[in-house]
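> Model the placement of chain H on the given structure of chain P, informed by the hints.
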Amino acid sequence: MKLPEPSSDALALVHKLSVTYEPDSGPPVRALDEASLEIQPGELVGILGESGSGKSTLGAALIRLLPSDARYDSGSVRFRGSDLLALSEPELRQIRGAEVALIPQDPALALNPVIKVGDQIAEVLHAHVRMTRRDGRLSVEALLAEVGFDQPRQIYHAYPHQLSGGQRQRVVIAQAMACRPALVIADEPTSKLDASLQAEILSLMRKIGQRHQTAFVLISHDPTVLAGFVDRIAVMYAGRVVEEGRTEDILRRPLHPYTQALVRLIGRYFPVAGTRTRFAAIEGEPPESTHRGVGCPFAPRCAEKMQVCTERDLQETRPQPSHRVSCFKYGN
Amino acid sequence: MATDTSDGKAVAQPVLRVSGLSKTYRRKGAGWQRSEVIVAAQDVAIEIFAGQTLALVGRSGSGKSTVARCVTRLEKPNSGQIWLEGTDIAQLDSRELRSLRPKLQMVFQDAATSMNPRFTAAEVIEEPLLIQKQADKSARRARAKKLMQEVGLSPQWADRSAMEFSGGQKQRLAIARALVLEPKLLVLDEALSGLDLSTEAQIANLLLDLQASHSLTYLLISHDLALVARLAETIAVMAKGKIVEQGPAAQVIANASHSETSALVASARAAQANLAALGVAL
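Line by line, the protein sequences are chains P and H. Position 250 (the first sequence) corresponds to 250 in this note's numbering; numbering is contiguous. Position 10 (the second sequence) corresponds to 10 in this note's numbering; numbering is contiguous.
Just chain P, same shape as in the assembly (with noise of 0.2 Å):
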């Protein structure tokens, strides 16, 4: 398949996107209320919030990714200058997994229990690239070596239950990488792991990704996964992008209330011990949908919230080029 000349140099654009979950059971929930979202060839970067806020919706939406039961309202998606959202779905399977890839949150669910891993992601590598079995098995093992596998024939022959929960998840990385993308997801890839393996599949991730010149997403509800990783950041609040900038701004000088309120919450990181001291925590939850009205969805729980904040429309502004926001502290 052919696709068209980029129209811009970005690899992945999400352009006031909005998309609404349609559950059998129970009401339709609005999951992304025009966000919007561009990276670049090669970029790192981070999606950042809380569970709910839409943050998960953005990433599958990048690579047309989300369940049966999503309904795109209204934007676009584009790849490589395509438009994802009029593409069939013969001509996305051809994107996915060669040009893009997903690394998901939990590798148990991810692989199928009853297949070799090995065989697993050779797979992926026969769906798209034209091999002997033979050859694949060879790429198969480089990718269990390049993943960090010691012994990459045994891990070849073993099956998802014989291996350990960071074990799965590197497999998980390596089928992803099979065809060396030019994007890859990554949704929460470490939660499930104990803190000891995070930082090792993290580094491992960033190692392989900057080698191959892979763009990576990373999306996490935790800003020091995302400290170590990513170059840019983009905050999600009620199914919108409230603010993104380079990594060290977001962190450093946040701007957004929301996001000053979730950089706070890495205190837990720094922790008096045996104190019992409270954590910083932000109240409430977030909207259960998201339709976009006047004012700020976040006024409820801001601890800034002026007058001005539920009655008029909220605007994005950009105090710097690399740095936009959307809340009423920075003009509207």
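The set of hints was computed from the structure by calculation and includes no laboratory data. For every residue, glycine included, the Cβ atom is placed at its ideal position computed from N, Cα and C. Where hints are given, some of them may not hold.
Far from chain P, some chain H residues (derived; all Cβ distances over 10 Å) [what the hints assert, rightly or not]:
| hint | residue |
| --- | --- |
| 1 | V37 |
| 2 | F119 |
| 3 | R141 |
| 4 | E150 |
One-sided and incomplete, this derived list gives chain H residues near chain P with beta-carbon spacing under 8 Å [unchecked claim]:
| hint | residue |
| --- | --- |
| 5 | D196 |
| 6 | L197 |
| 7 | S198 |
| 8 | Q202 |
| 9 | P248 |
Partial list, derived from the structure: chain P residues whose beta carbon lies under 7 Å from chain H [unchecked claim]:
| hint | residue |
| --- | --- |
| 10 | E50 |
| 11 | S196 |
| 12 | E200 |
| 13 | S203 |
| 14 | T224 |
| 15 | A227 |
| 16 | G228 |
| 17 | L251 |
| 18 | Y269 |
| 19 | P271 |
| 20 | T275 |
| 21 | A281 |
| 22 | I282 |
Same frame as chain P, but now just chain H:
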């Protein structure tokens, strides 16, 4: 609880005292293979005084959950004593345990898996009262609603299906259920794991508040040293079924003497290093 001594001074007695606790599992060999004995916990000793928190930390497979399962008597230990206030519960049978259950409750990770999916929020909280044949219907409902309030859930949601709640709300529900029998000791097995940082902070604060208002004693099981460090006075580090280091939280972290403790401290500091590299300080 206090015991009078001859000189009239009250000497505190621990709410929980575990000594010499050992638990082995037998893994059946496949086909011709011999079955294998796995020592999950060996000679474990801890004690927790009223209103205090002890954190049992270790990696997955270190045996910390085995200790939790023995203390809550979901498993019977092979040997050792588990003194819950004045009673050794290590070898009690299920009938004898039932009368002691109200003193000892637990909360797990993924609270939802321990709830009947057909139950409403109130029914989830009331279930232990029903099992213990305590209180009549209206009194049970009143207790459930009061507890919902205490754990930060609107009592108006009493009749909502428990499955409709968010992850953090389900954890609050599990805590409310654990409190309904007014226990002395709560065993929290990775009860804060798998939550996002925002929910984790809320639930951690809730546990601190409830500990003060209900004079609760906590046994905290976790792989996350940074998290438990500020919740617990005492930290016990487990590796390969044994406690390898135990002491006041600040001391264990500052002067880690065992390699396992050092590894846990190092991974807790990795996050700090990431932030420091960007010039983020707190």
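> Each hint: holds or not?
Hint-by-hint comparison with the structure:
1. V37: holds, 20 Å
2. F119: For F119 of chain H, whose nearest Cβ neighbour in chain P is about 17 Å away, the distance exceeds 10 Å, so it holds.
3. R141: Consistent with the label, R141 of chain H stays out of reach of chain P, its closest Cβ about 25 Å off (over 10 Å).
4. E150: holds, 16 Å
5. D196: Constraint on D196 of chain H satisfied, holds at 4 Å.
6. L197: holds, 4 Å
7. S198: holds, 5 Å
8. Q202: holds, 5 Å
9. P248: holds, 6 Å
10. E50: holds, 5 Å
11. S196: Interface hint status for S196 of chain P: holds (4 Å vs cutoff 7 Å).
12. E200: violated, 9 Å
13. S203: This hint is violated: S203 of chain P lies away from chain H, its Cβ roughly 9 Å from the closest one there, beyond 7 Å.
14. T224: holds, 4 Å
15. A227: holds, 4 Å
16. G228: holds, 4 Å
17. L251: At 5 Å from the nearest chain H Cβ, L251 of chain P passes the 7 Å test, so the hint holds.
18. Y269: holds, 4 Å
19. P271: For P271 of chain P, the interface hint holds, since the closest Cβ of chain H sits about 4 Å away, which is under 7 Å.
20. T275: T275 of chain P check passes; min Cβ-Cβ to chain H is 6 Å, inside 7 Å.
21. A281: holds, 4 Å
22. I282: Hint holds; I282 of chain P Cβ to chain H Cβ min 5 Å, cut 7 Å.
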